[in-house]
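Undergrad: Please put together the full structure from these sequences, using the hints given.
Protein chains: 2
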Amino acid sequence: MKEIEFTWPKGFYADGLHSGLRKKKLDLGWLCSQVPASAAGVYTTNQFCAAPTALTKQTIEQGHQLQALVVNSAVANSFTGAQGEVDAQTEQELVAAKLGISPKLVGVASTGVIGEFLPMAKLKAGINALKLTANHKITEAILTTDTHPKTISFEFEQAGQKCVMTGFCKGSGMIHPKMATMLGFVVTDAKVDGKLLQELLSDQVATSFNQITVDGDTSTNDMVVTMANGLAVADSESLTKDSQDYQEFKQVFQAVLEYLAKEIARDGEGASKLVEVLVKGAASKRDANVAAKAVVGSNLVKAALFGQDVNWGRIISALGQTDVSIAVTKLDLAINQVAILKASQKQAYDEEGLQASLGQDQILIEVDLHTGQACGRAWGCDLTYKYVQINASYRS
Amino acid sequence: MKEIEFTWPKGFYADGLHSGLRKKKLDLGWLCSQVPASAAGVYTTNQFCAAPTALTKQTIEQGHQLQALVVNSAVANSFTGAQGEVDAQTEQELVAAKLGISPKLVGVASTGVIGEFLPMAKLKAGINALKLTANHKITEAILTTDTHPKTISFEFEQAGQKCVMTGFCKGSGMIHPKMATMLGFVVTDAKVDGKLLQELLSDQVATSFNQITVDGDTSTNDMVVTMANGLAVADSESLTKDSQDYQEFKQVFQAVLEYLAKEIARDGEGASKLVEVLVKGAASKRDANVAAKAVVGSNLVKAALFGQDVNWGRIISALGQTDVSIAVTKLDLAINQVAILKASQKQAYDEEGLQASLGQDQILIEVDLHTGQACGRAWGCDLTYKYVQINASYRS
Chain A
44 MKEIEFTWPK
54 GFYADGLHSG
64 LRKKKLDLGW
74 LCSQVPASAA
84 GVYTTNQFCA
94 APTALTKQTI
104 EQGHQLQALV
114 VNSAVANSFT
124 GAQGEVDAQT
134 EQELVAAKLG
144 ISPKLVGVAS
154 TGVIGEFLPM
164 AKLKAGINAL
174 KLTANHKITE
184 AILTTDTHPK
194 TISFEFEQAG
204 QKCVMTGFCK
214 GSGMIHPKMA
224 TMLGFVVTDA
234 KVDGKLLQEL
244 LSDQVATSFN
254 QITVDGDTST
264 NDMVVTMANG
274 LAVADSESLT
284 KDSQDYQEFK
294 QVFQAVLEYL
304 AKEIARDGEG
314 ASKLVEVLVK
324 GAASKRDANV
334 AAKAVVGSNL
344 VKAALFGQDV
354 NWGRIISALG
364 QTDVSIAVTK
374 LDLAINQVAI
384 LKASQKQAYD
394 EEGLQASLGQ
404 DQILIEVDLH
414 TGQACGRAWG
424 CDLTYKYVQI
434 NASYRS
Chain B
44 MKEIEFTWPK
54 GFYADGLHSG
64 LRKKKLDLGW
74 LCSQVPASAA
84 GVYTTNQFCA
94 APTALTKQTI
104 EQGHQLQALV
114 VNSAVANSFT
124 GAQGEVDAQT
134 EQELVAAKLG
144 ISPKLVGVAS
154 TGVIGEFLPM
164 AKLKAGINAL
174 KLTANHKITE
184 AILTTDTHPK
194 TISFEFEQAG
204 QKCVMTGFCK
214 GSGMIHPKMA
224 TMLGFVVTDA
234 KVDGKLLQEL
244 LSDQVATSFN
254 QITVDGDTST
264 NDMVVTMANG
274 LAVADSESLT
284 KDSQDYQEFK
294 QVFQAVLEYL
304 AKEIARDGEG
314 ASKLVEVLVK
324 GAASKRDANV
334 AAKAVVGSNL
344 VKAALFGQDV
354 NWGRIISALG
364 QTDVSIAVTK
374 LDLAINQVAI
384 LKASQKQAYD
394 EEGLQASLGQ
404 DQILIEVDLH
414 TGQACGRAWG
424 CDLTYKYVQI
434 NASYRS
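Line by line, the protein sequences give chains A and B. Using the numbering used here, read the first sequence as starting at 44 and increasing by one per residue. Using the numbering used here, read the second sequence as starting at 44 and increasing by one per residue.
Some clues are possibly wrong.
To be verified - Here are some, though not all, of the chain B residues that point toward chain A, as calculated from beta-carbon distances under 7 Å:
(1) D258
(2) G356
(3) G363
For the record, the hints were derived by calculation from the structure and aren't laboratory data. Quick reminder that beta carbons are idealized off the backbone N, C-alpha and C, glycines included.
TA: Here you go:
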């Protein structure tokens, strides 16, 4: 596998445009495959699951196939009741009619303000104007408070043929995924069965998207959807679990999901730096993940990192308030590879040097709990004035 | 019962001074009873329970009696290992020796930065200089980022005698109590058995201190301690559960705890307003409390309230991400008594008027879940630039 310049896999077409939902920015896009693709998805666990999210879940679960996805920003079509459901279905039907395919092959995603209805006349005109192109405008059209598109492409092999896997996503606030998150899309021209794809996605989301947090709030519209159309290896069999190719596919998939998840954390609302927490020596994988996410999710830790303050007591406090098994007298803690604690004893370190290193745009916090062998990581960002500014006036 | 000007109950003496732990502000205080008092406490559930908190818990659990409490700010004596334990015991012994009482009657509390040792020479000199006075300096000496002391006194009757109950507390950041919180002290000259006092405190903390949040972080030093010396009713029996006086005592106790809890939320770091969330129609008391705390704890809701933005979708999202039983199509929501949703339908309301009302220093959010009869409340504050400022430079 190797990373390549962003590109659509074989047989995938996309487009994005300004349909009038936002003032000026692109706000509508689609992504289409030449043929029906194997598909899998993971979705928000928020009880108020939005209409498009629920519809896409239902659509994918029917046959684990999709041929097109339509996505808008600005209006989330969330908490919009029966009208919201009708609107999402209408989007699905409009796209299906335009492409001459079954509505059961069309996914729908929305992101933006909760509680407002989609302006359907604008959306209808927008869908009408979408084309089957190779441009990357959809990666812009799905953004809200994000500062830039988040995209990645890898090249790898299946059955000796070159395949491409491409992922893109949006998300900057209301980020604290429980089973899936915000909007993430991964497409490939490799050939893999829909149910296997689902198994892989569900598994890998747990250690990528589910391990990031910006503000502790789980959105109503979260979804990650993946499509594999097999066009790069048209004459070959689908991947099977015991094959060498499957191992590479899995590696590529994990790299794409982890890259996208980290990009969301790095671009968290108002963030000035990416924070990675690595927990080692945990009693279980679950413990390691919970501990890592607790540290990266603490407002106090985040504000201290913004202020370049080596206030490591807040890391201790964040760990201690979890139910994770901790050897309280054996803890190791390092920040940017400087040892702060060994066996719970404070080490001598160059405070000024460490403080300066907290000015970098990436921070690494390492914790060893000394209660087992499991590891886990989580990603987040610092808490800045800008986060407050963005969220005190989100709708203006 | 009636609220009176802040005063110490009969037989309680206190003092506060500057011992040099902070630059200029008062940083050390004590509170003493003329005779041993019944005592009860609740303590942090953070796994890294600080040395003074653990020692006070152990001391109170031995006999449910205390005669004195010594408290310092600036240094939390938390995550300080064996040395921290020795230091807390030394404080206990110094106070006991000075008062000529058993160390087993002395509670110790600390608040401030985690991971630093207490400067014992300064503390020793400070304890030496403390006097048995009627001043209120201890209510100042325990503060950290608080903007003002939080105090209250009530007068009530037991056995026909006038009694006083007085409470004070500190706390502004790292506020997300799980079983107890920050430092809270309630003293009375009523007569009540220590175990009954403990039962009452544990019960009432659940709906007062445990229902506030400033930033989702549970401190390592939280404790609420209460002492009843019985001196107002020296010749009477202790309160019994079936008496009329007990009902009044309970009412006063609850009023004091709730007042102090709300004062902490109102004075949350950087806060410009107090936010109260009232959840009705819940399937259980637990559900009501969890739902109320989820709304008041959401960074997104808090930032919107700071910005006077009626972004009610964030309230929905915060509710939906809990495991609380919700009738998703029947939800009622009101903000400052303006109906926003009825049966999950958006109501017509005066947006500008409501927006203006969010400029007040107190916000009320009411939710009816329509799944049962239980109610719960929670208190918090808005998220402001000042919160970030305070926590980006806490130690400077």
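Undergrad: So, for every hint listed, does it hold in this structure?
TA: Taking the hints in turn, this is what the structure says about them:
1. D258: Hint on D258(B): holds, closest Cβ of chain A at ~4 Å, below 7 Å.
2. G356: G356(B) check passes; min Cβ-Cβ to chain A is 2 Å, inside 7 Å.
3. G363: With a closest approach of 4 Å, the G363(B) hint holds.
When the structure is compared with the earlier hints, no violation turns up for any of them.
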